[in-house]
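Trainee: Read off the chains here:
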Amino acid sequence: MSANQMDAVDADVFGAPAANDRALLIRRILITIGITALVIVLAYWRTGGSELVVTQAIVTGLLVGGVYSLIALGLTLIFGVLHIINFAQGALVTMGMYATYVISSNLGWNPYLTLVVSIPLLFAFGALVQTLIINRSMGEAHENQLLLTLALGLLIENTLLLVFGGNPLSVRTSTETVYNIFGAVATQSRLIAFFGAAFLAVLLFTMLQRTGVGTAIRAVAANPTGAKLVGINVKRIYMITFALGAACAGAAGTLVVPFVSIQPIAGEVFNITAFVVVVLGGLGKVVGAMFGGLIVGLAEQFGGIFFPDQSNLLGVFIVFILILFLRPQGLFASTS
Amino acid sequence: MSQFIEVEKLSKHFRGLAALSNVSFSVDRGEVLGIIGPNGAGKTTLFNCIAGTLPASAGTVEFDGTNVTSWSDIKLANFGLVRTFQLMRPFGSMTVLENVTVAALVRHKDFKEASAIAGKVLVQVGLDHYSYRRSRDLPTAALKRLELARALALEPKALLLDEVLAGLVPAERQPVIDLLKLIRDQGTTLLFVEHVMQAVMQLSDRVLVLNHGEKLALGTPAQVSSNPEVIEAYLGDEVTDARA
Amino acid sequence: MSSSTALVDVARRRTWPDRNLIALVIGILILIPFPLFTGASQDAIAIRVIIVAILGISWNIMSGYGGMFSFGHAAYFGIGAYSCAVMLVNFDIAPWLGMIVGMGLAALFGVFIGYLSFRYKLKGTYFALATFAFAEMLRIIVMSAPALNAGIGYHIPLITDSSWWLMQFPPGSPNYFWLGLILLSACVLISILFIRSRAGQFLIAIREDETAASSLGVPVLRFKLIAIAVSGAIGAVAGVFYTQYYLFIDPDLAFGASRSIEAILAPVVGGVGTIWGPIVGSTVLAPLTDITAAFLRNPPVLLAFLEGRSGLDVMLYAILIIVMILFLPRGIFGTIKEKVSRK
Chain G
0 MSANQMDAVD
10 ADVFGAPAAN
20 DRALLIRRIL
30 ITIGITALVI
40 VLAYWRTGGS
50 ELVVTQAIVT
60 GLLVGGVYSL
70 IALGLTLIFG
80 VLHIINFAQG
90 ALVTMGMYAT
100 YVISSNLGWN
110 PYLTLVVSIP
120 LLFAFGALVQ
130 TLIINRSMGE
140 AHENQLLLTL
150 ALGLLIENTL
160 LLVFGGNPLS
170 VRTSTETVYN
180 IFGAVATQSR
190 LIAFFGAAFL
200 AVLLFTMLQR
210 TGVGTAIRAV
220 AANPTGAKLV
230 GINVKRIYMI
240 TFALGAACAG
250 AAGTLVVPFV
260 SIQPIAGEVF
270 NITAFVVVVL
280 GGLGKVVGAM
290 FGGLIVGLAE
300 QFGGIFFPDQ
310 SNLLGVFIVF
320 ILILFLRPQG
330 LFASTS
Chain L
0 MSQFIEVEKL
10 SKHFRGLAAL
20 SNVSFSVDRG
30 EVLGIIGPNG
40 AGKTTLFNCI
50 AGTLPASAGT
60 VEFDGTNVTS
70 WSDIKLANFG
80 LVRTFQLMRP
90 FGSMTVLENV
100 TVAALVRHKD
110 FKEASAIAGK
120 VLVQVGLDHY
130 SYRRSRDLPT
140 AALKRLELAR
150 ALALEPKALL
160 LDEVLAGLVP
170 AERQPVIDLL
180 KLIRDQGTTL
190 LFVEHVMQAV
200 MQLSDRVLVL
210 NHGEKLALGT
220 PAQVSSNPEV
230 IEAYLGDEVT
240 DARA
Chain P
0 MSSSTALVDV
10 ARRRTWPDRN
20 LIALVIGILI
30 LIPFPLFTGA
40 SQDAIAIRVI
50 IVAILGISWN
60 IMSGYGGMFS
70 FGHAAYFGIG
80 AYSCAVMLVN
90 FDIAPWLGMI
100 VGMGLAALFG
110 VFIGYLSFRY
120 KLKGTYFALA
130 TFAFAEMLRI
140 IVMSAPALNA
150 GIGYHIPLIT
160 DSSWWLMQFP
170 PGSPNYFWLG
180 LILLSACVLI
190 SILFIRSRAG
200 QFLIAIREDE
210 TAASSLGVPV
220 LRFKLIAIAV
230 SGAIGAVAGV
240 FYTQYYLFID
250 PDLAFGASRS
260 IEAILAPVVG
270 GVGTIWGPIV
280 GSTVLAPLTD
290 ITAAFLRNPP
300 VLLAFLEGRS
310 GLDVMLYAIL
320 IIVMILFLPR
330 GIFGTIKEKV
340 SRK
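Residue numbers (numbering that gives the first Met the number 0), protein chains in the order written: chain G, 0 to 335; chain L, 0 to 243; chain P, 0 to 342.
Take these hints with a grain of salt, some might be off.
[To be verified] In silico lysine to aspartate or glutamate, DMTMM-like type, Cα no more than 25 Å apart, as pairs:
#, chain 1, residue 1, chain 2, residue 2
1, L, K119, P, D17
2, P, K120, P, D17
3, P, K336, L, D136
4, P, K120, G, E139
5, P, K336, P, E207
6, L, K74, L, D136
7, L, K156, P, E209
8, P, K122, G, E139
9, P, K338, L, D136
10, P, K336, G, E139
11, L, K119, P, D208
12, L, K108, P, D208
13, L, K8, L, D63
14, P, K338, G, E139
15, L, K119, L, D136
16, L, K214, L, E7
17, L, K156, L, E228
18, L, K119, P, E207
19, L, K74, L, E231
20, L, K74, L, D63
21, L, K8, L, D204
22, L, K74, P, D17
23, L, K74, P, E209
24, L, K156, P, D17
25, L, K180, L, E154
26, L, K111, P, D208
27, G, K234, G, E175
28, L, K74, L, E112
29, L, K108, P, D17
30, L, K214, L, E162
31, L, K111, P, E207
32, L, K108, L, E154
33, L, K111, P, D17
34, L, K108, P, E207
35, L, K214, L, D204
36, L, K108, P, E209
37, L, K180, L, E5
38, L, K74, P, D208
Please keep in mind that the hints were generated in silico from the structure rather than gathered at the bench.
Could you put the whole structure together from the sequences, leaning on the hints where they help?
Mentor: Next up, the structure:
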């Protein structure tokens with residue numbers, strides 16, 4: 000049967016690549032940085048030498064890219080372990096947003112504080128969804144699963160629409176200090192979002208590398224049958240992984256609340272960017288998702304520089320198309 | 000007369016592993032060549048490279064006077080060189096007749112004509128009573144014949160049969176061997192990979208022996224079966240197994 | 000051979016396309032008097048059913064029969080819709096001609112992205128994601144193209160009387176239904192004829208086992224592209240009919256993701272890879288919006304807080320899809336067809 004690129008699960012799924020692959024990897028990262036640098040130079044020229052605009056694009060792009068990384072981390076984790084394309088990831092982000100809204104507006108909490116609710120809430124929800132619905136479709140055709148998670152996403156989105164209505168809501172923090180980074184403007188909320196996302200991402204990565212559960216997850220990702228043979232409860236790992244992926248989305252939702260408008264469809268753009276990140280970084284490659292998020296964040300901003308009249312997403316889609324055609328297995332896959 | 004099939008120094012590497020090394024042989028028109036060798040000898044790889052399923056790393060293949068080395072499997076099949084697969088690959092949701100009709104449609108654009116040809120092939124192969132059965136519901140022996148039927152519907156000049164007897168119980172084998180004799184008698188050149196020695200000896204005009212991707216021997220069945228290196232290659236496997 | 004298998008063989012011997020043609024003729028005859036018995040609101044639902052059915056038939060050809068899952072079918076719908084609107088509004092060219100142009104452009108677009116994708120060996124979900132990306136890019140580009148009215152969209156100029164040539168009738172006219180019936184029947188006919196043709200049989204073979212097909216000499220790339228072209232062309236028809244009925248089109252309505260999802264829902268519910276599946280699915284799905292809207296206008300006392308809200312219809316779609324995929328993966332019609340042929 001002709002090779003389906005999606006089934007090329009590499010041995011070293013999450014963790015550090017093998018020695019001779021490391022050289023290839025470094026080379027690829029350097030090439031990516033090189034291309035990015037080239038794009039920056041071109042943007043500089045395009046804006047007529049405006050250092051400020053370019054710097055702003057870099058700063059904004061990296062800051063929002065951090066959040067994209069976190070969401071994509073959840074998505075790639077789910078794919079790496081369950082081999083499911085979770086098209087509901089964006090909707091889960093929206094759920095996180097609304098959870099924050101409900102608590103902040105009813106209990107007056109600082110939105111960042113609601114992380115202690117949104118993370119466990121989305122974790123539990125993810126576990127529930129996986130057990131009741133996703134579980135039954137394990138092993139089905141990828142396209143069926145895509146449809147299933149798509150339907151799930153629609154369900155979540157429209158339930159939120161039904162309950163909260165379509166009017167944009169917002170939650171803001173009491174202070175919104177603006178910082179100056181190399182001449183570019185960075186608002187406090189975006190900085191917190193970035194560092195919060197980065198912190199959670201590193202936390203998750205460490206958990207995957209250092210804890211028992213994390214190792215079990217990586218084992219199931221690499222070889223489910225083997226994992227079962229050594230006594231790992233694979234079904235439980237599936238549930239935990241999906242829950243973790245959902246929790247990532249929920250956390251990201253909370254983190255962005257202070258600077259986005261909360262609407263049922265607010266998560267859709269995060270869905271798209273998360274997918275691009277995951278394909279860019281390589282399906283199932285955790286490090287790839289972290290790196291890729293930054294690239295996509297930059298692509299969005301630079302797309303805005305090169306195509307000022309179009310939606311920011313055009314730049315993202317161009318990158319998406321390029322990756323799909325030139326290197327669909329992503330930048331971090333070890334085989335070609 | 001120039002050889003019908005001419006394989007010259009054919010090699011295939013997979014990331015440092017040499018699956019085929021400098022294999023050369025030729026086949027006359029209408030000849031039957033049996034290809035044998037221990038597991039992993041490179042027999043299926045040889046077929047893959049000749050039939051265009053995989054590109055060869057080096058070497059040439061000439062078929063009916065034309066250099067077909069880099070041709071795709073589609074082009075080769077249309078030119079008259081058809082292969083079957085070891086693992087059956089039916090078009091599962093289609094009926095047996097539809098399966099063979101698809102093959103016939105490749106050369107005959109008219110549906111009725113193709114259908115008629117398919118029907119005739121099914122009779123020849125002994126599957127006509129299964130015509131309207133969905134192919135994924137067929138038993139193994141019938142699926143093997145279906146593979147053969149599809150290939151025959153293309154009216155091939157040469158057939159590459161990959162372990163057409165695999166998975167058949169002894170009782171099911173002789174009818175298939177007889178069928179292959181009929182195909183041979185019609186003038187089709189046959190190359191077949193086989194482990195069932197009785198078939199190889201009965202059918203082959205000559206036998207090619209592969210081992211570790213290299214040509215080990217090429218000769219009549221009698222010559223090959225008394226060749227000490229060939230015996231060594233096969234027995235070597237058995238001795239190793241006995242020691243393990 | 001037992002008698003039950005003999006029955007199966009007899010059942011399959013009756014060539015199924017002919018049964019479909021008969022069913023088509025009967026269906027048309029039954030439906031012709033439909034608008035004479037129904038009111039305006041039912042007519043509106045019926046039109047929506049027809050539009051979604053045509054879109055679903057279009058999707059089904061490349062994705063159901065062809066196995067090439069398209070996640071961006073809105074592209075073809077939108078190309079048809081915009082071809083019709085632009086040519087009518089800017090150049091006074093009749094919608095029928097706009098439809099032909101739209102079908103051609105949609106087919107070309109499909110072949111273009113299909114060729115690129117297959118050349119780069121995109122399969123399965125990667126291919127689906129690529130189709131999604133291309134549809135979204137079309138939407139974004141049209142959204143900011145002043146030459147195509149950007150985000151404003153096009154209003155179809157109103158005429159005062161009935162015109163088949165201009166595909167426009169007074170509101171509530173039964174002609175809309177009959178026009179839709181004609182278009183739908185034509186699309187069903189095309190799909191029946193296509194599937195039973197050489198191209199259709201090759202397509203199914205390619206879907207079942209591409210390697211086996213190519214080893215038998217089937218020119219795989221060519222016939223995949225032919226299927227996509229036919230699929231795209233039919234999708235454009237849905238777009239044209241939509242534009243002429245609702246008299247308005249904009250980038251979101253034409254190329255939006257919800258349109259692509261709509262194209263997938265009907266066949267999935269009705270039966271992927273069957274002739275009638277998209278129609279069955281559309282008949283089930285399309286009225287849902289109106290039913291839920293009516294429900295939400297006057298909910299029972301217990302659910303009074305729901306009054307005036309929206310989102311319930313899509314929730315029901317989503318639940319239906321989830322149930323379908325988990326328990327009836329062959330869809331409603333597909334499952335019935337399975338059971339009948341197995342008895």
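Trainee: Looking back at the hints listed earlier, which ones does the structure fail to meet?
Mentor: 2, 6, 17, 19, 22, 24 and 27
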